[in-house]
Every structure is written in structure tokens, then in C-alpha cells.
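Engineer: Chain by chain, the residues:
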Amino acid sequence: MPNRTALMYCYDGSFEGLLCCVFESYEQKEIPLDILLPEMAQGILLPVKEIITDTAKAGRVLGSIPQKMGAPTLEFVRHAFLTCLAHKELYILLFLRLGYRYGPAVLSRLTDPVVDKLFKAVKHLAKESHLFKGFVRFSIFSNVLVAEIEPKNYVLPLLRQHFCERYPEEHFLIVDKTHGMGLVYRPYESAVIPIRKLELPEPDENEEYFRRLWRVFYDAVEIQGRHNPKCRMSLMPKRYWKYMTEFGSAQQKSPRRLEGSGGGKLHF
Amino acid sequence: MDIFDKLKILTDAAKYDVACTSSGVNKKAATGGIGSAAACGICHSFAGDGRCISLLKVLLTNVCAYDCKYCVNRRSNDTPRAAFTPRELADLTINFYRRNYIEGLFLSSGVLKTPDYTCEQMIEALRILREEYRFSGYIHAKAIPGADSALIARLGLLADRMSVNIELPSHNSLQLLAPDKSKHSILAPMGYIQNRIQENCTDIIRYHHAPKFVPAGQSTQMIIGATPETDFQILNLAEGLYRKYRLKRVFFSAYMPVAEDSLLPAPETKPPLLREHRLYQADWLLRFYGFTANELLDQQHQSFNPYIDPKCNWALNHMELFPLDVNRASYSDLLRVPGIGVISAKRIITARRTGRLQFDGLKKLGVVLKRAQYFITCGGKAPGGLKVTPDTVLQSLLSEKALGLYQHDFSHQTGMEQLSLFSPPSLLSSGGKQEDRGKCLTAPL
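If you read the protein sequences in the order shown, they are chains U and A.
Residues 1 to 268, numbered by this note's numbering, are exactly what the first sequence covers, in order.
Residues 1001 to 1445, numbered by this note's numbering, are exactly what the second sequence covers, in order.
Take these hints with a grain of salt, some might be off.
What follows is a set of in silico ranges between Cβ atoms, one per label pair, in the way DEER data are often shown [claimed, not checked]:
| no. | chain 1 | residue 1 | chain 2 | residue 2 | range |
| --- | --- | --- | --- | --- | --- |
| 1 | U | Glu50 | A | Ala1039 | 40 to 48 Å |
| 2 | U | Thr178 | A | Ala1039 | 25 to 33 Å |
| 3 | U | Glu208 | A | Arg1206 | 50 to 58 Å |
| 4 | A | Lys1270 | U | Leu37 | 50 to 58 Å |
| 5 | U | Asp204 | A | Leu1176 | 52 to 60 Å |
Below, simulated DSS-like cross-link-like pairs (lysine-lysine); rule was C-alpha separation at most 25 Å, straight line [to be verified]:
| no. | chain 1 | residue 1 | chain 2 | residue 2 |
| --- | --- | --- | --- | --- |
| 6 | U | Lys133 | A | Lys1027 |
| 7 | U | Lys127 | A | Lys1183 |
| 8 | U | Lys123 | A | Lys1370 |
| 9 | U | Lys117 | A | Lys1346 |
| 10 | U | Lys133 | A | Lys1028 |
| 11 | U | Lys120 | A | Lys1364 |
| 12 | U | Lys152 | U | Lys49 |
Selected chain U positions facing chain A (Cβ under 8 Å, derived; list incomplete) [stated by the list, open to error]:
| no. | residue |
| --- | --- |
| 13 | His87 |
| 14 | Pro168 |
| 15 | Trp214 |
| 16 | Val216 |
| 17 | Ile223 |
| 18 | Arg226 |
Note that these hints are calculated values from the structure, not bench results.
Think of the CB as a built atom: it goes at the ideal place given N, C-alpha and C, for glycine as much as any other residue.
Turn these sequences into a full structure, and let the hints guide you.
Structural biologist: Put into C-alpha cells, the structure is as follows:
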């Protein structure tokens, strides 16, 4: 087993890039102290090695994962890469090293600190993406359904199938403001694309009408004698409320902007 | 009356019904249609009372020919009345569904004119949704007691889940409080639905495209605390319903006074929420943990212990079965340990394939050691430094608040009956005498 070296890796932020870090780690028989994005690598005193993304190397690592550890492990790693876990890159590298050693059984090593850390992160991702299946609120602008979310994890890839199956005949867009990405759908075609700037128009009369009806329902369905805001908060933390029409909060303010440079084009 | 008023009145009238999950069936939208369903169920919001909102839960109408005394919509109650047209209801559902406010529709109704007429109106609303909007999302329909079985059958082909509410857990209470309903008018449609579901299963094996009848199964609900039935009776009834009618869920609803009547609890009575909670915990133990109603309660102990949950209570009364070694115990035995749930039991089975489990590892698997530590060993060893006295067990099993109440109750044991909520003053409802209690807490430790 190679020793941890006083060395950092720096990669381009892509999954392929991370796989190249794994390649490098095996080729050089070294384990980095951390794996950083370029903007974080500036001003670090320790030596930083830049790992160039090489499709051939990434492909070799990618192919070996299902072969050595089984397909579920690859899916697990792909999901781990979508989480907001700090130092997830390093944990994934350490996890894959365990995987090459133990094979598919690596997924059962639930008490191992590295496996445990990634499991909890993936669980957090799964939970958040499940909540968003319900908490996303679409507004309809000229027959296009548009929603905004601010998730902690990068959940869009996990929401894709659900919403495509739910609205096969609609045009819709879900904007992830945290990650500056959007899930765009038109009948029988979907894509996840960068969206850095988006201005939404004022909701029209029809849209306002159904938001008001929804608020009437939301308020009426509560049994006052069982009022329990603590329970509600633990099941639906406040950070989700911002875009939920039943509370009528941020939805009123417009036009809203997504700050950043460049512009994502939307074709419907 | 505009649609806002209708929605308000008909939501208000439907909100006491609990059966509001969207689980049990997986579907995709048909080509050219809208709507899918996820077997795990999806909550779209949570109301101010902390209850999940996943369906547009409304009544078609709150006009009712019946006069059930516990019901807010009873004929004799002076309350504003309204009715949706089937089309209004279908349009509202689709517009909420497109905006992702809901997972589908939960449709119940008061009895307008006759049970058959009401049922026909419900069928029309569902027909518009399914045929005109090609809606594949979740629909839960309430069977109207007394409606013709041919109509129930049509409703069942349009819905994903159906329910017939038991309402009151005994025949006597029904007679007293719901004179227009009878045991028969409730159990007959429930039995009919169960038969149709079963027939349909064999049809689907024979003909691949047989239309599905209530694919997500049926459920029921009963009101807790309006009538004198005990937890033991209620739990036995639930168990019988799971066995006989293969129900997917039995829901319990703590009675909220909505009417003044000499036969009912006083209007200022608080809903017995803790009792409802204990019944749900026990229901869980029946459905997922392999317990039977008779293990949890019996003739001598008809009520759940308010201080500790039913599983802890059971375990403390069966200390002869513990401690279990987590590295060897079977899945079904692990499930009986307080602090180990379905998920952590499965993880224990998985994780111990790769190596011997220790106490620090168990925590990572999600075991609540605070409760489990008194009932398990790892490789024959008890957790290090564990000082076990009856007090420490109590402190670990009870929340601070419950402990305070418990101690308060004990120091005031004067033979006076406490609030019925806290009636068994002993720690172990099945424990009986105090010396037994001391023995069972200390003996195995």
C-alpha cells in the first residue's frame, strides 16, 4: 500500500478527470492528501500536481470498476460524485482503492470509515432528490412549465427520469440555481445544460389563479387542533419553502435573475 | 358560489380523513397522456399540523343524507354546503398536477341523494380524468357504503386505491353513533373489493391486458377515542382486517370533537395524539416486524404504556430472550431489539458478512445504541463501561419529559385514576408487581 504523500491533486471537476486522478494514484503509487478544483488550488503551500483529463485513461478506470467491483458499485460512485460532501473526490479515490482490493464486497463494508462517509453522503443525496420530486413547484409561462430549485446536492440527474415520465407531453425546465444547471425537456427529448442567467416574467392571471387556489387548499387542509409547526419543519425544512407556492414568498418578486456570466440558451 | 369557496368548504370537510398516501403502485404515463405514480409515495407538502399532503384531498360534496354523530358533515350540522361538478374537480386536479402541487386525487363524498347517485358522480369525475385527460396519476376513491356493487366495480377500475372506512371500532359504537351505517354496509363493500382484487390477479395472469382493479389495494380508517374501545380491541381488529381483507393500511385518527353530543367526549377534549401514535407504532410492528397483537397487549393489559413504545415494553417483559449477539442473531430476532429497525437490521446482516461487528460500528449502521445496548452483545461482550441499574435503563428508554411524568405519577400513586391517557401507573404495562419489575430489569445484566 502506497503512503500518503504530502501532495495535492488538482483536476478539472469532471467525473472523467477524477477517474484520471485514480489512474495517477495507482501509476505513481501515491495517495494525495486531497483532490482540489483549480480555483481552490491557488495559494496552497503544498505542492499541487495538475492531473490532465485523458479520455483513454478515464475509460480504462471506468471499464475496470464494474468488472472488478460490480455494476452497483459504479452506480454508487457516480451518485457519490453528485453529492455535496466536502472532499468527496478524495473519499471516492480511497473508496475505489478499497474496491480494487475487496471487489463487490466493498459495498458491504458499511463500518469502514470511508465507505460509511460516502454511504451517508449518497443517502443525503437520495433523500434530497426524493424530496424535490414533491417540492418542485412549476409555474406555467406560455404553456411551458418552469421551476427553480436550490438543492445542496446536484440532484438534477436524479430528477430527470421522474419528471420525464410524469409529463411526457409537456415542455418543462427545472433550473438548479446552486449549480447553474438546468434540466430541459420537450416531448421525448431531455438534456441537462448550463444555465447561468434566466429571467422569468410575471405570472399571468391564470397562473396567479391556480396559485391562489393552491394556497386556499393548503390552509384549509390543516387541522387546527393538531397544529404542529415543529413536525412540519422537520419533514419540510425551511430552506425548501422559498420556491413553494403555498407560502407565497419569493415567488412574488420578479423579475428574478440568476447571477453569473454567460447565458444558457433555451430552445423550446 | 365561486370555486374558491367550494374548494375551502370541501377541503375543510375532508381533512379529518387520514388515508392520504400515494403509495403502492408504479406507473408511467400512457402515450399522449399525463401522470405517473411511484410505489414509495411522494409527499408534495406538509400542512401546518405536520401531516403530509400528497393528494388533492376533497369531498365531491359535503351534503349528506346520513347523520353520523361524530362527523362534521352530518345532516343535522349547521355548516355551509357545497358540491363540485365532476368537471370542476377534474380540471382542478389536472391544473394542480401540472404544477407539481400534488401526486393525484383523493376523492370522498357525503351521500348526496342516494349512495348510488353519489357514486355515479364520482365515477364521472374519474372518467373525465382518466379518459379525457388521459391521466395516469394516483387516484384514491372512497367507496360509498350502500352503493350498488356494479358501481363500486366501475369506480375500482378507475381508481388506484379504494377505501371503506370502519370509522368506529365496534358494532355497538356504530349503532350508537352512526345509525345509518351498519357493520354489514361497511364490511360488504370491503369484502367485495377484496374479492375483485383477487379475481383480477388471476385475470392478469391469464390475460395480460386485463384492466387493473384497485392496483394499490384497499385501506381503511378508524376513529380513536370517540368511543370506549381499548387499544387491545383496536389492534386486534386491525390485525383481523390485514388477515381477512388483505388491507394495505389501517389508519387511526385521534378523535377531534366536531360536535356536541351526550354520547361523545366533551368538545374541549384534546385529541388523544399519544394514543394514536402508540397505535401506529404497534401497527408498524404488526406489518414489518413480525409481531402479533396478542404479543403486544392481552386481556390483562388492554392499553399501551404511555411512557415507552410498544417494542421496548415488549422487550422489557421478555428479558429472558436477551441479550442477543448481533454477530449471530437472525434477522427476525434482530428486529425485536429496541433501537434496531428494519433498515439497521438489514445493514447488520450485510455488514457482518465482511467482518465481526463491534459496538462503534453499530452506531454507523444506524442502531440506536442508547436503547439497544441493554439487549445486545458483540461477540459475547456487553458494551464497555455500561453501568446498569434500573434507573439507567429507565433514563435511557424514556425521554426527559416522560421520565418527569413517570416519576410524578409514581410519587402520587394514591389509587386515584389519573387522566385516562396515563392510566397504567406502572412502568411496564404487562409487568404487574413491582418486585417482578425490579427483577426483569436487573436479572440479565
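Engineer: Indicate, hint by hint, whether the structure satisfies it.
Structural biologist: Taking the hints in turn, this is what the structure says about them:
{"no.": "1", "hint": "U/Glu50 to A/Ala1039: 40 to 48 Å", "in the structure": "holds (47 Å)"}
{"no.": "2", "hint": "U/Thr178 to A/Ala1039: 25 to 33 Å", "in the structure": "holds (29 Å)"}
{"no.": "3", "hint": "U/Glu208 to A/Arg1206: 50 to 58 Å", "in the structure": "holds (51 Å)"}
{"no.": "4", "hint": "A/Lys1270 to U/Leu37: 50 to 58 Å", "in the structure": "holds (55 Å)"}
{"no.": "5", "hint": "U/Asp204 to A/Leu1176: 52 to 60 Å", "in the structure": "holds (54 Å)"}
{"no.": "6", "hint": "U/Lys133 to A/Lys1027", "in the structure": "holds (15 Å)"}
{"no.": "7", "hint": "U/Lys127 to A/Lys1183", "in the structure": "violated (42 Å)"}
{"no.": "8", "hint": "U/Lys123 to A/Lys1370", "in the structure": "holds (23 Å)"}
{"no.": "9", "hint": "U/Lys117 to A/Lys1346", "in the structure": "holds (18 Å)"}
{"no.": "10", "hint": "U/Lys133 to A/Lys1028", "in the structure": "holds (15 Å)"}
{"no.": "11", "hint": "U/Lys120 to A/Lys1364", "in the structure": "holds (9 Å)"}
{"no.": "12", "hint": "U/Lys152 to U/Lys49", "in the structure": "violated (29 Å)"}
{"no.": "13", "hint": "His87", "in the structure": "violated (18 Å)"}
{"no.": "14", "hint": "Pro168", "in the structure": "holds (5 Å)"}
{"no.": "15", "hint": "Trp214", "in the structure": "holds (5 Å)"}
{"no.": "16", "hint": "Val216", "in the structure": "holds (5 Å)"}
{"no.": "17", "hint": "Ile223", "in the structure": "holds (5 Å)"}
{"no.": "18", "hint": "Arg226", "in the structure": "holds (4 Å)"}
Checked against the numbered hints above, the structure breaks hints 7, 12, 13 and satisfies the rest.
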